Amino acid sequence: MTVPEVLTEVLKDEVFFDESRGGVTISGGEPLFQAGFVEALLAACHARRIRTALDTCGFADPGVMRRVSEHVDLFLYDLKLMDSEKHQRYTGVKNDVILQNLKMLAERGSHIVVRVPVIPGVNDDRENFGALSEYLSSLGLKDIDLLPYHRLGSDKYLRLHMLCGMEEIDPPTTEQMETIASRLRRDGFHVRIGG
Amino acid sequence: MNARVTRLRQATLDTKPWLSIERAALLTEFCRQDKTVPVPLRRARAFLYLMEHKEVYIGAEELIVGERGSAPKATPTFPELCCHSVEDFKTLNSREKVGYSVDDNALRVQEKEVIPYWHDRSMRDLIFAEMTPEWKNAYEAGVFTEFMEQRAPGHTVLGDIIYRKGLLDVKADIEAALARLDFFNDSEASVKKDELRAMAISADAVMRFAERHAEKAEALARTETNPVRQAELRQIAEVCHHVPAHAPRNFWEALQAYWFTHLGVVTELNTWDSFCPGRFDQHLDPFYQKDVEGGALTREQAKELLECLWVKFNNQPAPPKVGVTAAESGTYTDFANINNGGLKRDGSDGVNDVTYLILDVIDEMHLLQPSSNLQLSRKNPDAFLKRGLEIVREGWGQPSIFNADMVVEELLRQGKLIEEARCGGISGCVETGAFGREAYILTGYFNLPKVLEITLNNGVDPRTGNKIGKETGDARAFVSYEQLFAAFREQLHYFVDIKVRGNNVIERLYADYMPAPFLSSLVDNCIEKGKDYNNGGPKYNTTYIMGVGPATCTDGLSAIKFHVFENKTITMDALLESLARNFEGDEKLRLRLWNKTPKFGNDEDYADTILQDVFNAFMDEVDKRKNTKGGCYRVNYLSTTCHVYFGSMTGATPDGRRAGDSLSDGISPAQGADRKGPTAVVKSAAKMDHARTGGTLLNQKFTPKLMEGEDGIDKVAYLVRSYFRMDGHHIQFNVVTAATLHAAQAEPEKYRDLIVRVAGYSDYFCDLTPALQNEIIARTEQEAFA
Numbered sequence: 001m002t003v004p005e006v007l008t009e010v011l012k013d014e015v016f017f018d019e020s021r022g023g024v025t026i027s028g029g030e031p032l033f034q035a036g037f038v039e040a041l042l043a044a045c046h047a048r049r050i051r052t053a054l055d056t057c058g059f060a061d062p063g064v065m066r067r068v069s070e071h072v073d074l075f076l077y078d079l080k081l082m083d084s085e086k087h088q089r090y091t092g093v094k095n096d097v098i099l100q101n102l103k104m105l106a107e108r109g110s111h112i113v114v115r116v117p118v119i120p121g122v123n124d125d126r127e128n129f130g131a132l133s134e135y136l137s138s139l140g141l142k143d144i145d146l147l148p149y150h151r152l153g154s155d156k157y158l159r160l161h162m163l164c165g166m167e168e169i170d171p172p173t174t175e176q177m178e179t180i181a182s183r184l185r186r187d188g189f190h191v192r193i194g195g
Numbered sequence: 196m197n198a199r200v201t202r203l204r205q206a207t208l209d210t211k212p213w214l215s216i217e218r219a220a221l222l223t224e225f226c227r228q229d230k231t232v233p234v235p236l237r238r239a240r241a242f243l244y245l246m247e248h249k250e251v252y253i254g255a256e257e258l259i260v261g262e263r264g265s266a267p268k269a270t271p272t273f274p275e276l277c278c279h280s281v282e283d284f285k286t287l288n289s290r291e292k293v294g295y296s297v298d299d300n301a302l303r304v305q306e307k308e309v310i311p312y313w314h315d316r317s318m319r320d321l322i323f324a325e326m327t328p329e330w331k332n333a334y335e336a337g338v339f340t341e342f343m344e345q346r347a348p349g350h351t352v353l354g355d356i357i358y359r360k361g362l363l364d365v366k367a368d369i370e371a372a373l374a375r376l377d378f379f380n381d382s383e384a385s386v387k388k389d390e391l392r393a394m395a396i397s398a399d400a401v402m403r404f405a406e407r408h409a410e411k412a413e414a415l416a417r418t419e420t421n422p423v424r425q426a427e428l429r430q431i432a433e434v435c436h437h438v439p440a441h442a443p444r445n446f447w448e449a450l451q452a453y454w455f456t457h458l459g460v461v462t463e464l465n466t467w468d469s470f471c472p473g474r475f476d477q478h479l480d481p482f483y484q485k486d487v488e489g490g491a492l493t494r495e496q497a498k499e500l501l502e503c504l505w506v507k508f509n510n511q512p513a514p515p516k517v518g519v520t521a522a523e524s525g526t527y528t529d530f531a532n533i534n535n536g537g538l539k540r541d542g543s544d545g546v547n548d549v550t551y552l553i554l555d556v557i558d559e560m561h562l563l564q565p566s567s568n569l570q571l572s573r574k575n576p577d578a579f580l581k582r583g584l585e586i587v588r589e590g591w592g593q594p595s596i597f598n599a600d601m602v603v604e605e606l607l608r609q610g611k612l613i614e615e616a617r618c619g620g621i622s623g624c625v626e627t628g629a630f631g632r633e634a635y636i637l638t639g640y641f642n643l644p645k646v647l648e649i650t651l652n653n654g655v656d657p658r659t660g661n662k663i664g665k666e667t668g669d670a671r672a673f674v675s676y677e678q679l680f681a682a683f684r685e686q687l688h689y690f691v692d693i694k695v696r697g698n699n700v701i702e703r704l705y706a707d708y709m710p711a712p713f714l715s716s717l718v719d720n721c722i723e724k725g726k727d728y729n730n731g732g733p734k735y736n737t738t739y740i741m742g743v744g745p746a747t748c749t750d751g752l753s754a755i756k757f758h759v760f761e762n763k764t765i766t767m768d769a770l771l772e773s774l775a776r777n778f779e780g781d782e783k784l785r786l787r788l789w790n791k792t793p794k795f796g797n798d799e800d801y802a803d804t805i806l807q808d809v810f811n812a813f814m815d816e817v818d819k820r821k822n823t824k825g826g827c828y829r830v831n832y833l834s835t836t837c838h839v840y841f842g843s844m845t846g847a848t849p850d851g852r853r854a855g856d857s858l859s860d861g862i863s864p865a866q867g868a869d870r871k872g873p874t875a876v877v878k879s880a881a882k883m884d885h886a887r888t889g890g891t892l893l894n895q896k897f898t899p900k901l902m903e904g905e906d907g908i909d910k911v912a913y914l915v916r917s918y919f920r921m922d923g924h925h926i927q928f929n930v931v932t933a934a935t936l937h938a939a940q941a942e943p944e945k946y947r948d949l950i951v952r953v954a955g956y957s958d959y960f961c962d963l964t965p966a967l968q969n970e971i972i973a974r975t976e977q978e979a980f981a
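Protein chains in written order, with the numbering used here: chain X, 1 to 195; chain C, 196 to 981.
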């Protein structure tokens, strides 16, 4: 698909954006794997005064991130693990670029909601959220969405004859989620569960 | 709700509808001996006789009084319109769904007194005797239905007259009109004199009826031992002495004045869709403000009075129908539809304190009747819409939501004045009208997919093999889609002609033989003109034909255009053969047609453009044709439950729909055809030019999850506002899970109170036929916003 084709599809919902003050969210996969296209699409949306949001894991070239941020009204920014080694173990890459990009966006004054998938036994420990709280506070970020790990994707893995490697993990309980949320709220964050 | 209302509400829910022979017996008794010749006078005297002799009922704890039958849920019959056979009565008594108890006395009186007099004299008999063979063929094939064969013209909504004037004032107006009659130059002067005298007698009848309630309340008060109730009965007596003879002085009197007026109208004749107070919050607000400021009334007391009135509405099931009409809409509900919000006469925001009060009443009472709607203008606050959506979320289908600004635009297009348009609204399901001054008569549903079917069969109805249409050419020989569409238009013209010709005859029959002088006295300008409601008396006289199945028709045309003419993946010959076999042995083809046809409801221009073509073709045929009352024809799109009946009369269609399955309802996409979520549905629906209709109906079914929390309400509010910004006329929501509906089908006894939105009204799910239940389940359940 071309940018104009996507924009045509987007504009079908213009009336709803106008009424709800909503707009377009670009998500993935990781949209910045196709940074050129995404940048062009975001710019095209802005040219038509359509608000934009980018759902990203933050793992992108800082130059690309800076350019793209020109046309993003809201970042939905994933932050999975503060420990870089653990981050590498579970995602395949270290988190240094991700943290740097977040810092750069925060300094540029971008509107950011940090989104943390809560995966029992992987990142739901005190140390991780303690470090996360400290880091986000230092950047002046306030909004956190906690996303409870779910298994809605497991059927898809099965059908693709793939293993996701997390078959053993149970979704967190409501109490577990609330414990983490209230800890972050004490630190002054505006926290939503789900979202 | 307080203890009194709780008990009254429970009583109306627990009482099964039963057939009251009282009205038929009194009417027959009167007509047998009466020697009056002029029809309006005879009708008025019969009405006076009814109101003087029918039982007066005042129930324990009631504050608002008066029943149409002899007691709550007692339903009278109207043998002058449609005389039930003994067999009809027995069927009603034994019918599992929507049954009416009929006792032995009723059966006996019907057989010995009523039938011998009214047989061959009812309007139904007169109408069928006058219809042509072409009309009967089309009617029997399910091309259209006829509203007036069992009920009188109605869809009337009251304006503000009764809050300004008592019936004594109305009588003075009638006297003045009589005095103005010009017996030198006006050849109709003596006919007008009869009509006006009939109106005066009818006013007496309703005043007498009220007076009898005052007398009864006084008598009850004399023997009442509880001093609190005794005081209430004295208050009731005082109210009934005053209204409707005089204009109401306070909130209580305003409600009682309306209720006596309502009972007068629906006892005089069995008008379609009952009768309705229209913009009730507008009418009541001045009384409410005055009483509350003066300390005579609290909000709680006002709510109690309204809730007592709500029980009264619910006590009046629709009079039972016979034959095919029962199949068209088998329901107890009688469509009194209360309008809330909208605009004031001067064009400003019409939401007031009584609006929110009424919404609280609707929420607490949770009753089938009266039905309720929001008239949502862009000027109304979101708080109003969201309060309404909170009630919608509870999942019993009320209130439905209308675009008040669009209602104004529709009325302006029809030539109403701007103030008249702003004081208008909707009645019945979705029908637009200028309240208090327009007779807008719905005459029958019109089966658009059936016309396509007959076109594809060159004038033959394949269900029976009878040639009932015009020979518009062998579809196998058509070389283009345009040729097919031209043939469809020609066939449409042929059947609309038949329908309109029949309507015009029926209009005259009602004008000549079935005047409604009481109703006429309340509608502008019947008194000035000296003409009856059914004879062009009102300021505006509009006749409607309702298009049914536009989406099924569109999808059928789209399938042929796409598969036969453009992609040539199937020949017309093979398609027609497969349709004739109801796809038997052709499941693969059926699935291809079902899944691979561009269909209406997905915000894709391919199908949506065809919908516009179908819409315009029907509009061109019907809109602006002249009726016999100085007005003209208009189109609207609602199907009530008729899309199920029409579906049963329509064979397999090219969109992959099997023979007998339900057609699409209202202007909603065909069941299961919309696959891109509610935003795409409203985008498609908005491509119809609603401004040129007198109402459209769009159904959406949501799971409760979608409306969860304040966030869920916000999202639906945005959806509604967006649809209305695109000039949609109406939208309504069924919020219930398919699992719940399946469970209710399996164990109906556990789900007796489950109310769902059916068409322009709600009904008890368990009272619906299995076919209709399945249809409601099949309507696309929107899991999420796309």
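Hints are computed from structural coordinates only; laboratory data are not their basis. Quick caveat, the model's predicted, so the values are computed rather than measured. Beta carbons are placed, not taken as given, at the ideal position from N, Cα and C, and that holds for glycine. Possibly wrong hints are sitting among the right ones.
[Said to hold, decoys possible] Okay, the calculated beta carbon distance ranges per label pair:
1) Lys-292/C - Thr-2/X: 28 to 34 Å
2) Lys-142/X - Glu-905/C: 18 to 24 Å
3) Ser-138/X - Gln-484/C: 54 to 60 Å
4) Val-674/C - Glu-9/X: 33 to 39 Å
5) Gly-92/X - Ala-886/C: 45 to 51 Å
6) Gly-542/C - Pro-120/X: 55 to 61 Å
7) Thr-2/X - Val-674/C: 35 to 41 Å
8) Lys-819/C - Gln-34/X: 54 to 60 Å
[As the list claims (entries may be wrong)] Once the Cα atoms are required to be at most 25 Å apart in a straight line, the calculated DMTMM-like pairs of lysine to aspartate or glutamate come out as:
9) Lys-360/C - Asp-298/C
10) Lys-900/C - Asp-145/X
11) Lys-900/C - Glu-178/X
12) Lys-581/C - Glu-5/X
13) Lys-871/C - Glu-9/X
14) Lys-12/X - Glu-433/C
15) Lys-498/C - Asp-548/C
16) Lys-12/X - Asp-600/C
17) Lys-791/C - Glu-5/X
[To be verified] Pulled a few chain C residues facing chain X out of the computed Cβ check, cut under 8 Å:
18) Asn-797
19) Asp-798
20) Tyr-913
21) Arg-916
22) Arg-920
23) Met-921
Original post:
Hey, Lys-900/C versus Asp-145/X, does the alpha-carbon distance stay inside 25 Å?
Top reply: 20 Å, holds
Original post:
Does Lys-12/X pair with Glu-433/C here, judged by a C-alpha cut-off of 25 Å?
Top reply: 61 Å, violated
Original post:
So the hint says 33 to 39 Å: do the beta-carbon atoms of Val-674/C and Glu-9/X match that?
Top reply: 35 Å, holds
Original post:
Using the C-beta atoms of Ser-138/X and Gln-484/C, is the stated range 54 to 60 Å upheld?
Top reply: 58 Å, holds
Subject >> Whether the CB-CB distance between Gly-92/X and Ala-886/C falls inside 45 to 51 Å >> reply: Because 58 Å falls outside the window, the suggested range is violated.
Original post:
Are the Cα atoms of Lys-12/X and Asp-600/C separated by 25 Å or less?
Top reply: 23 Å, holds
Original post:
Is the distance from the Cβ of Lys-819/C to the Cβ of Gln-34/X consistent with 54 to 60 Å?
Top reply: 55 Å, holds
Original post:
CA of Lys-791/C to CA of Glu-5/X, is that 25 Å or under?
Top reply: 22 Å, holds
Original post:
Cβ-Cβ distance between Gly-542/C and Pro-120/X: within 55 to 61 Å?
Top reply: 60 Å, holds
Original post:
Taking 8 Å as the limit, does the beta-carbon of Arg-920/C come near enough to a beta-carbon in chain X?
Top reply: 6 Å, holds
Subject >> Restraint satisfaction for Tyr-913/C [CB to CB of chain X, less than 8 Å] >> reply: Holds. Min distance 4 Å.
**OP:** Have a go at the Asn-797/C hint: is there a Cβ in chain X nearer than 8 Å to its own Cβ?
**Re:** With a closest approach of 10 Å, the Asn-797/C hint is violated.
In summary, the structure is inconsistent with hints 1, 5, 9, 12, 14 and 18 from the numbered list given earlier, while agreeing with the others.
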